[in-house]
Amino acid sequence: MSHASTTSVGRKPSDTLSHIIIWAIFAIELLPFYMMLQMSVKTNTSFMTNPWLPAPPADWQWSNFSYGLGLIGPYIANTVFVATLGTAASLFLAICAAYFFARYRMPGSDILFAMFMFLMLMPGVANIVPLFTLLKSMNLLNTLWALIIVGIAGGQVFAIFVLKNFIEEIPKDLFEAAEIDGASHFQQMRNVVIPMSAPIIGTLAILMFLGKWNDFMLPLIVMRDKELFTLGVGLIYLNGEYVKQWGRIMAAFLIASMPLIIMFLFTMKLFVRGLSGGAVKG
Amino acid sequence: MAQPISNRKALHEWQLYLFVLPSLLLVLVFAYYPALSAIYHSFFDWTGGDFKQFIRFENFTRALGDKTFWASFITLAILVVANVVKMIPSIFMAVLIHRLTSDRWQYWYRVLLVVPMIVPGLVTLFIWKFFYDPSLGLLNATLDATGIKTLLVALDTNVLQWNVFREGVPIAWLSEPLLIIPSLILWGFPWIGAVGVLIYLAGLQSIGTEVYEAADLDGASSWQKFVYIEFPLIMTQVRLSLILMIIGSLKDFGLQLLLLGDGGGAGGRGMVPGLWMYNRAFTAGEFGYACALGLILFVFILALTWVNNTYVRVEK
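For the protein sequence lines, the chains are A and B, in the order given. As numbered in the numbering used here, residues 1 to 282 make up the first sequence, in order. As numbered in the numbering used here, residues 1001 to 1316 make up the second sequence, in order.
The hints are simulated quantities; they were obtained by calculation from the structure and are not laboratory data. Note that CB positions come from ideal geometry on N, CA and C, so glycine has one too. One thing to keep in mind: the hints can contain errors.
To be verified - List of simulated lysine-lysine pairs, DSS-like, C-alpha gap at most 30 Å:
#1 Lys-1086/B x Lys-269/A
#2 Lys-1149/B x Lys-1086/B
#3 Lys-1067/B x Lys-172/A
#4 Lys-1086/B x Lys-1129/B
#5 Lys-1149/B x Lys-1052/B
#6 Lys-1086/B x Lys-1067/B
#7 Lys-136/A x Lys-226/A
#8 Lys-1129/B x Lys-226/A
#9 Lys-1129/B x Lys-1067/B
#10 Lys-136/A x Lys-1052/B
Stated by the list, open to error - Partial chain A-side listing against chain B, Cβ under 10 Å, derived:
#11 Ile-25
#12 Tyr-67
#13 Phe-81
#14 Ala-102
#15 Phe-175
#16 Met-250
#17 Phe-253
#18 Leu-254
Claimed, not checked - Examples of chain B residues toward chain A, derived with CB under 10 Å:
#19 Gln-1003
#20 Pro-1034
#21 Phe-1054
Produce the complete structure using the sequences and hints provided.
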């Protein structure tokens, strides 16, 4: 962006064209969301007579939303529970583990670190079958706890990798000063590491939450009871069940997106900056 | 780097190990144990229950002769090649945004890029599936309205001879065997990956104004600027996305599973290796065989990662 303010020759005249092309791409890219929005207030018949344009506000079928909420509300509650608890726990554990790896080169820490990094290569597919039987033997099948615990185990790995690099950049003097004041490791983590790496922790939290919100493979295999479905299985189930009423399905889809949209509105800067920066280069 | 520590001091700081212990335990139980169990069970005839029979390498020899499995690699190869082409729009988009003179617009376009990410992936998937619907879907409506349909019909009768595009008959994108791979390739048009574009943009940012000024003085065209200035700078990121994309294609089968079912759709044309493993485990109940297939996939991924680490240097 350093060159942005200059009026260099040869690039400025084409800007209008660039804007047009960018908007054209976004128009297609965002078409699914436009369709979701406008279809969510239509009935099947009004969609078939007028598929493209929004219906006049007088004809909006608000009942689609109450219906959609009834269908998907419980799934959202389950997902919020799983994603929030899972994100909080995996972040906490990841910060602890990253602190261990970044603070000193303890005997054995190289091997342990390699063990974590190796997991980034391991395909989930190979593990799914034994994981299923493991959860079965632990009596965790068909429970939200299975999703939370497995989510924590898998979700922390990438965060450990990113946070370790970040904590190593924190000036050593800060830790030494804290140590002289008699701070324990836990206090150093709370008072030095967490404040210093707050932005990266925020970005990681968002990424983790998104990942858990979108996860469907594990829930699909683990969950059986309809009341315990998370959005992942819930949406699949819904898509199979109510094939005919598209308006209601789109309303349900929109409701399923709401928590993420609200989260995005509050964390937009963190989100865009985190993704643009080195955070996900790994 | 982490500070080196003497053994005596390490002994004194033993509590530090408690920091890594919970993570370690979780990983051992929920990642390493299943992985080792998969290796162990790949030598067994096992249906997931208590009963299992040791059959040595039979699962692996069976996999070698498994036509569906190898056909799924061909499908995968086609999709990977298509995915390489599908990386171009993201690079193009990043360069377009990067060259804008307005900082404000650059920022807002970044925000717009992220918007698709806040709609749950499954929702996007199902909306796209709806686009492919033969009678209600937007794809057929668009093709009809723009006249491309007539073109496709002509192409089909004169060149392809697939008999899948017919005048007056809605195109059955996801149920016509021959159309399944084209549908999967078309999926997600215009193929802008938010994370990809943002990472490329971060790479492009290191280009200073003076480089562009020098290029302008030399009379470089836009295309030359791209080839000689911009592309070399994001080469690292492009290679990284490429390798991640290939590994991802080997691992993922969610799209195929949800779109086409666990049989890979009509004629099994959409079957990819991961999906075949899933199919063997959860449809056929051949858990031991599925473990062996998973191991073979893992070997492929490991080999690719090794290639990546050896030939693709990524600066941290």
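Do the hints match the structure? See the list:
{"no.": "1", "hint": "Lys-1086/B x Lys-269/A", "verdict": "28 Å, holds"}
{"no.": "2", "hint": "Lys-1149/B x Lys-1086/B", "verdict": "23 Å, holds"}
{"no.": "3", "hint": "Lys-1067/B x Lys-172/A", "verdict": "59 Å, violated"}
{"no.": "4", "hint": "Lys-1086/B x Lys-1129/B", "verdict": "19 Å, holds"}
{"no.": "5", "hint": "Lys-1149/B x Lys-1052/B", "verdict": "55 Å, violated"}
{"no.": "6", "hint": "Lys-1086/B x Lys-1067/B", "verdict": "28 Å, holds"}
{"no.": "7", "hint": "Lys-136/A x Lys-226/A", "verdict": "18 Å, holds"}
{"no.": "8", "hint": "Lys-1129/B x Lys-226/A", "verdict": "23 Å, holds"}
{"no.": "9", "hint": "Lys-1129/B x Lys-1067/B", "verdict": "29 Å, holds"}
{"no.": "10", "hint": "Lys-136/A x Lys-1052/B", "verdict": "17 Å, holds"}
{"no.": "11", "hint": "Ile-25", "verdict": "5 Å, holds"}
{"no.": "12", "hint": "Tyr-67", "verdict": "17 Å, violated"}
{"no.": "13", "hint": "Phe-81", "verdict": "16 Å, violated"}
{"no.": "14", "hint": "Ala-102", "verdict": "5 Å, holds"}
{"no.": "15", "hint": "Phe-175", "verdict": "9 Å, holds"}
{"no.": "16", "hint": "Met-250", "verdict": "8 Å, holds"}
{"no.": "17", "hint": "Phe-253", "verdict": "4 Å, holds"}
{"no.": "18", "hint": "Leu-254", "verdict": "8 Å, holds"}
{"no.": "19", "hint": "Gln-1003", "verdict": "5 Å, holds"}
{"no.": "20", "hint": "Pro-1034", "verdict": "4 Å, holds"}
{"no.": "21", "hint": "Phe-1054", "verdict": "17 Å, violated"}
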